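Work from the hints to combine the two standalone chains into their complex.
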Amino acid sequence: SQTIHQWPATLVQPVGSPLSLECTVEGTSNPNLYWYRQAAGRGLQLLFYSVGIGQISSEVPQNLSASRPQDRQFILSSKKLLLSDSGFYLCATNRGGPYEQYFGPGTRLTVT
Amino acid sequence: DQQVKQNSPSLSVQEGRISILNCDYTNSMFDYFLWYKKYPAEGPTFLISISSIKDKNEDGRFTVFLNKSAKHLSLHIVPSQPGDSAVYFCAARGSGTYKYIFGTGTRLKVLA
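Chains as they are written, first to last, in my numbering: chain A, 0 to 111; chain B, 11 to 122.
The following block holds chain B by itself, in its conformation from the complex (with noise of 0.2 Å):
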């Protein structure tokens, strides 16, 4: 039963232009969301969060919105640059717990 779900296994976008990579889950008592990026043989690094009592949150070029009603996030990256190229994993805690479910990974090109 996945729990995070991330429908697009990849995605490419045009340098300059918006990124959005999309999740879904299916727990409501999750109450906080992350967005990771990951490089090939590497770890993931922590790219942006978002508490459920939120439905934005901010920073630099990428923005988390959060839509509760239809349990939904997703990850805007403007303007996208070549770098950011990588595959991006959503994670979701579940309230009162020390555990975080991951989703499958969206890979994103960004096409100079």
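Chain A with its partners taken away, still in its complex shape (with noise of 0.2 Å):
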């Protein structure tokens, strides 16, 4: 069965700093990821997609990017934090054939 590690667990960040979220997925291969972000109060918001290595799609402008150096390994990252990239950032894979998609256990980040 697929399992999404996501680290750090929780992260408080100044303004202005760098970012590196990362996440990494076991028991399976050549998956599709995801980076959604959930803002206070607000739904599920997709970030970025990858079906493959080095092939990243972006849903959303901001300050935000991603890469996908390996094949189970996706990370997101930021040169300079804004206080608006406040919120839980979620990894997902496609479990159960193309449509299921299933998620990480998150990372709250916090920018003061």
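Because the hints were derived from the structure by calculation, they are not lab data.
Note that the coordinates shown come from a computational prediction; the quantities given were computed from them, not determined experimentally.
Using N, Cα and C, we set each Cβ at its ideal position, and we do this for glycine too.
Careful: at least some of the hints might be erroneous.
Said to hold, decoys possible - Per the computed footprint, the stretches of chain B lying under chain A, defined by three or more beta-carbons under 8 Å from a beta-carbon of chain A, are:
(1) 26 to 35
(2) 50 to 64
(3) 100 to 110
Unchecked claim - Each computed DSS-like pair below joins lysine-lysine, with the alpha-carbon atoms no more than 30 Å apart:
(4) B:Lys66 / B:Lys78
(5) B:Lys109 / A:Lys79
(6) B:Lys109 / A:Lys78
As the list claims (entries may be wrong) - If you want the ones that stay clear, here's a sample from chain A, every Cβ over 12 Å from chain B, calculated:
(7) Gln12
(8) Pro13
(9) Gly15
(10) Thr23
(11) Gly26
(12) Thr27
(13) Asn31
(14) Leu45
(15) Glu58
(16) Asn62
(17) Ser64
(18) Ala65
(19) Pro68
(20) Lys78
(21) Ser85
Here is the structure:
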């Protein structure tokens, strides 16, 4: 069965600092990978998705970027954080065929 | 432009009664719909899904109904239990894509 790891679990960063969030997947190969953000009182916003190594599709123009250096590794980055980047970041993959998405435990990011 | 909408931010139901959560969408090209349950500080967990070629799918206490002409789907939980208290998200997948669009969520509270 698939397992998604995300770290760190929580993070407090000052405005203007860099960011790196990591997601790794076990138990599958060549998964589709996704980054979502849930801001306070908001729904789940799709940020990036990837269907293979080096293939990244961006859904929202912003100061975040994503990379997929390995098949089962997905990284979310920023060079300079904004207050509006605060939120709950979720990594997801497909499970049970191409339809059902399976989410990791999430990273709570607070930008101060 | 919110393509998937959950117009009720919250819902309270007595234990044992039916909970009905609603979701509306605007894109007729969505071909697959999913419901997720989310507890605070955790990733969403998959509940139930329905293909656009069906109008009903049932799994235990959970039933999803799809009305394509109205671009509306609903999740019925019968009987509701206190452990069902959570935020529920509906999501839709664009036909032939890997993208999932989520609604803003409905917070369900089941009262004992």
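We went through each hint and held it up to the structure:
Counting residues of the region 26 to 35 of chain B whose CB lies closer than 8 Å to any CB of chain A gives 0, which falls below the minimum of 3, so the coverage claim is violated. With a threshold of 8 Å between beta carbons, the proposed coverage of the region 50 to 64 of chain B by chain A holds, since 7 of its residues qualify and at least three are required. Coverage of a stretch by a chain is defined here by at least three residues with a beta carbon nearer than 8 Å to that chain's beta carbons; for the region 100 to 110 of chain B and chain A the count is 5, and the condition holds. For the hint pairing Lys66 (chain B) with Lys78 (chain B), the CA-to-CA distance comes to about 11 Å; that is within 30 Å, so the pair holds.
At most 30 Å may separate the alpha-carbon atoms for a hinted pair to count; Lys109 (chain B) and Lys79 (chain A) meet this at roughly 27 Å. The hinted pair formed by Lys109 (chain B) and Lys78 (chain A) meets the criterion: a straight-line CA distance of about 26 Å does not exceed 30 Å. With a least CB separation of 18 Å from chain B, Gln12 (chain A) remains clear of the 12 Å interface cut-off, as annotated. Remark: the non-interface label on Pro13 (chain A) is consistent with the geometry, its nearest Cβ contact in chain B lying 22 Å away (cut-off 12 Å).
No Cβ of chain B approaches the Cβ of Gly15 (chain A) within 12 Å, the least distance being about 26 Å, so the stated non-interface status holds. Every CB of chain B lies more than 12 Å from the CB of Thr23 (chain A), the least distance being 14 Å, so the non-interface label holds. Every CB of chain B lies more than 12 Å from the CB of Gly26 (chain A), the least distance being 16 Å, so the non-interface label holds. Distance check on Thr27 (chain A): its Cβ is at least 15 Å (rounded) from any Cβ of chain B, clearing the 12 Å threshold; non-interface status holds.
With a closest Cβ-Cβ approach of about 5 Å to chain B, Asn31 (chain A) is found to fall inside the 12 Å limit, against its non-interface label. Non-interface status of Leu45 (chain A) relative to chain B is broken: a Cβ of that chain comes within 12 Å, the nearest being about 6 Å off. Residue placement check: Glu58 (chain A) does not keep its beta carbon more than 12 Å from all beta carbons of chain B (closest about 7 Å). Against chain B, the non-interface label of Asn62 (chain A) holds: every CB pair exceeds 12 Å, the least being about 21 Å.
Distance check for Ser64 (chain A) against chain B: the nearest CB is about 18 Å away, which clears 12 Å, and the non-interface claim stands. With a minimum CB-CB distance of about 14 Å to chain B, Ala65 (chain A) clears the 12 Å threshold, and the non-interface call stands. For Pro68 (chain A), the shortest C-beta to C-beta distance to chain B comes to about 20 Å, beyond the 12 Å cut-off, and the non-interface label holds. Listed as outside the interface, Lys78 (chain A) is consistent with that label: its C-beta sits roughly 26 Å from the nearest C-beta of chain B, beyond the 12 Å cut-off.
For Ser85 (chain A), the non-interface assignment is confirmed: its Cβ lies about 14 Å from the closest Cβ of chain B, beyond the 12 Å cut-off.
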